[in-house]
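A.B. asks: Given chain A's structure and the hints, the job is docking chain B onto it.
Protein chains in written order, with the working numbering: chain A, 1 to 575; chain B, 1001 to 1578.
Everything labelled a hint here was simulated from the structure, so no lab data went into it.
Among the clues, some could well be false.
Only pairs whose alpha carbons sit at most 27 Å apart, straight line, appear in this in silico DSSO-like list of lysine-lysine [claimed, not checked]:
1. B/LYS1178 x A/LYS288
2. A/LYS454 x B/LYS1220
3. A/LYS216 x B/LYS1102
4. A/LYS95 x A/LYS106
5. B/LYS1312 x A/LYS221
6. B/LYS1430 x A/LYS221
7. B/LYS1234 x A/LYS12
8. B/LYS1352 x A/LYS452
9. A/LYS288 x B/LYS1292
10. A/LYS560 x B/LYS1450
11. B/LYS1292 x A/LYS183
Fair warning: this is a prediction, and the values are worked out from it, not measured in the lab.
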Amino acid sequence: MKHLLFYFKKYKIESIMAPLFKMLESLFDLLVPVVVAKLIDVGINNNNPSYVYSCFGILILMAVLGFGCCIVAQYFAAKAAVNTASHLRHRLLEKINSFSTPQLEKIGHSTLITRMTSDINQVQNGINMFLRLFLRSPFIVFGALVMVYIVCPELFWLFALAILILFVLVFGIMFITKPMYKKVQENSDTITAETVENLNGVRVIRAFGREEAQTKRFEEKNILLKRAQRIAGNVSSALNPLTNVVVNGVIIGVLWFGAKYVNSGIIMSGVVIALINYIGQILIELVKLANLIVLLTRSSVSMGRVGEILDVIPETTVSGDFKGDNMPVSVEFNNVSLRYNDGAENALTDISFVANKGEVIGIIGGTGSGKSSLIKLISGMYLPTEGEVLVKGCPTQNWDENTLCNTVSTVEQKPFLFSGTVKTNLLWGNENATDDDIMNALDTARATDFIKDKNDLNRVVEQGGVNLSGGQKQRLAIARALLKNADILILDDSSSALDFATDKALRSGIKGLSKESITFIVSQRVSAIADAEKILVLDNGNLVGIGTHNELLANCDVYKEIVSSQNGEGLCDEQ
Amino acid sequence: MNNKSTLKKLLRLVKPYYLWVVLSLICSLITVGATLFIPLMCGYVIDKMLLSNTDFYAILHSILIIGGVALLGAISTQLSSVANNKITYGVCADLRNKINKKFQTLPVLTLSSHKTGDLVSRMVADVDTIADGLLLGFTNAFSGILTIIAVLVIMFILNPIIALAVLILTPLSFFTAKFIASRIHKFFEAQAKIRGEETALVNELIKGQNIVKSYGHGDKSLSDFDEINNRLQKASLKSTFYSSLINPSTRVINNIVYATVALIGAVFALSADTVSAGELSIFLSYAGQYAKPFNEISGVIAELQNSVACAKRIFALLEEKDRTPDPEISENPDVLGEVKFENLSFSYSKDKPILTDISLDVKSGQRVAIVGPTGCGKTTFINLLMRFFEPDKGDIFVDGTNVKNISYVNLRKRFGMVLQDTWLCTGTVKENISYGNPNATDEDIIKAAKSAHAHSFIMRLPKGYDTLITGNGENLSEGERQLLCIARAMLCLPPILILDEATSSIDTRTEQKIQSAFDKMMKGRTSFVVAHRLSTIQNADIILVMNEGKIAEKGTHQELLDQKGFYYNLYNSQFAEK
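Okay, chain A solo, but in the shape it has when bound (with noise of 0.2 Å):
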């Protein structure tokens, strides 16, 4: 909350004004039933045309007054919601880019996108209509008491009490529906999770011939549904007879009484009639105060996700100032080990290697062998739990940010490309590559096949890059990566979609270009890095062999076992 009301002072003028004309709004309102009763009292009864022509010039008066009051109070209150709304855009993006990428997979990318979208409106929802109605609401209830008890202080009680049941009806539902809809929406939720499981299972349930199953199931789960909403709504609709047949037991009171009266002169038939109108009025509001309730907790539920986000520290991994210009490129591991939770098993065990300028170093090992955890070390995503990684002969932890990134150039196993043409996507790696450059690097990522000439940059990359296979990503992303021209270059699983002989190509052009550099090449593949200067070979995250492919051959059972398990006796063969 304390986030709202940085805003609330940021926007002092909008904040105040919007309630302050609501609430003169208001005031025009609950003068209208008084002016009628006067009307009918003075102006009927006593037969006086002139004095009616004057409340009917006042009524059209201040409903004129009433509009304009409003107008501005709108346009007040629209303008701090959605000035707020767009603030806190701004500020939670450049927050989410302040995060360090374990940080942001913890948050999960789609909460953020959530609480970027449809939370901030509901955020901006939410100011929108408290600035309009939370004055408004409480200042009818309570200004209808007031004028009731000068038109009429001998039934103040009743509509006191009137108040005070209504009060209770209204937000007494809302309180015990709020569980109610609750239940709807986990039913619901069931319901999209049987649905999407139906669909993405649809072979494998009909394959096992399970349909029969899957439907009774959905249909058992689907009552429940039916069910909950059916209560849900049943209680809820009850507040509408409930609340009017308090209404008809204060217009009955107030028929009573006001005969009495009446018949004792204390009051005219008009009042009789204002005091029906105020207590309409009064309903209205208590049922329009109790929607702003439940507007506002869902909003303030909204701004809680949003205030978490903004709240959230960044990690910075990388905050020295080396920047290590014009220094020889090296990378070396001194008995590394990483765990990524206090408590959890080490995902990386004593690893030291070293890895100089032009060397190619290759990484295999199995599923969770630590391939990618060792990769994110030389980027500096992680630190090492112990042991130190130096990059340049300088502990990552001590580089400065920017510069570590300029250095190292990952390409991922999924790549992420962005909408735009191809040519913008690349640009990325390098703002002032011309075409030339570009087709250069496309060509050493073997991606000329599909993108023939300079014509062929302009090709759209739809959102996702959903218009291009998986290897044509994989070669694009590449391309990216070298266009950087970044001292180490690291081909995480990169290239996996690609078939084996384009992917063999695409390593031997690699290769030529290391000489200034060196090239980290993780795999599943012992083609893939069969030909590296050094191959380190990873199991349950220790380093279990580290040599080229003939050595490792010859003293690392690990990697013997990987080899013969990927092409029977073919490699062994030529020992």
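C.D. replies: Same frame as chain A, now just chain B:
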């Protein structure tokens, strides 16, 4: 499909609830009556109030009637709500069941041509919108129209001139609201468009945040975002402000109508004494009652339009062509494990054949491997065999009988399969392994898990075999999910096995360990194996090399190597590169 026929179809869904509809209509009739009767009685009572000359007996009598009518009205209101809820949520649950059943009978091809998210939103969001529309339609439309008519009739009886004024003036607010709404529609469209743009950008920037960061694009992307965000701010201000004018505008007009009714009434009262104070109160109250349905009606119309649009989407789905129905008399030939393809062709669209003229004869117990580059039609082949897809031309015979003459259930129980996509159902590990064989004992389940090399990781799960696997099984890795799918297949072993890239997500060492289990499974069974790692298929009886939808080569591993053709090259690119 026009709106009328959609409405007709919706009404057909309501038909089973017709008794509830009747109850709802009767109750709303009573409610409207009660609502209009009370102001009438109030006016009457007010006129009875006279200085020192009030007839208290008549007043008591009247307010007792008011009390009775109010109670009756309350009860009937609630009764009609209960009926409406019963109808609405019943119809919606029926619709959901219908959609779900439809999902089970639509061809796989039709289902995969829709996005899952789109189908889910029909099941959930669209049905909800229909519910809102129906509910509002039932509660407001009928009683609204009834109220308008009744109010007009009563007012004309009481005083035609005031009635005329109300008749003409009141709808003004409704038309003003409509006028503003139509004028600001374009602001909302603009806002929605920019919002869509912004959401798309946010989506990319968040999903690709690591790229944004590692390429140092943070400031650039923030300024890209700000450009859209500022436009959105301006558009939102317009649409929010202008739309918030609708309510005050209708209110100011209603207030003016109110004042005018008061004036006309007062003039009548002054000039000819034909209107009493009580009657004036009736008119004032009726002017409000009369305006209410008009103001609500635009909301109702929007909701109804919305729900008709949603209903259209749902009916379009429900009316999609089902898969070929089961044959009238299903043949159930002896289970042998023989499969024969005759001149099979398949395409998604006429100009792009996926499979052309495939013929193949597989004897019982033979092991068939299918290899070829991505997109050559390997998986389509399997889909045709399982009858997930229908061939454009040609026939498939299983155990000597054309599959068209065998029911789906009887056909598919001959097949056991492990697919590349690792679908698991929501349920425990145990339930998932025994999915194809719900009567399996715990020992059988554990045995299957052990031979799939899944036992050790299952035991490491928090509750072992009773661990709940949720939705898409985020708690398991892709490889672990695939192991469970293999265990599932091991527990349900029909005569024909299909392994479609069954080990693609498992590392090669584990794969090799599972291979021996697969070999055991395949012994004595006809099997079809789709693989991209050639090492796993070298001892197949027939290797089908597919390319561009045709069988390029066919033979054993050695025969194909000797041919020095497509397979030879494929094999060499994978293995002999050293």
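A.B. asks: Against the structure shown, which of the earlier numbered hints fail to hold, in ascending order?
C.D. replies: 11
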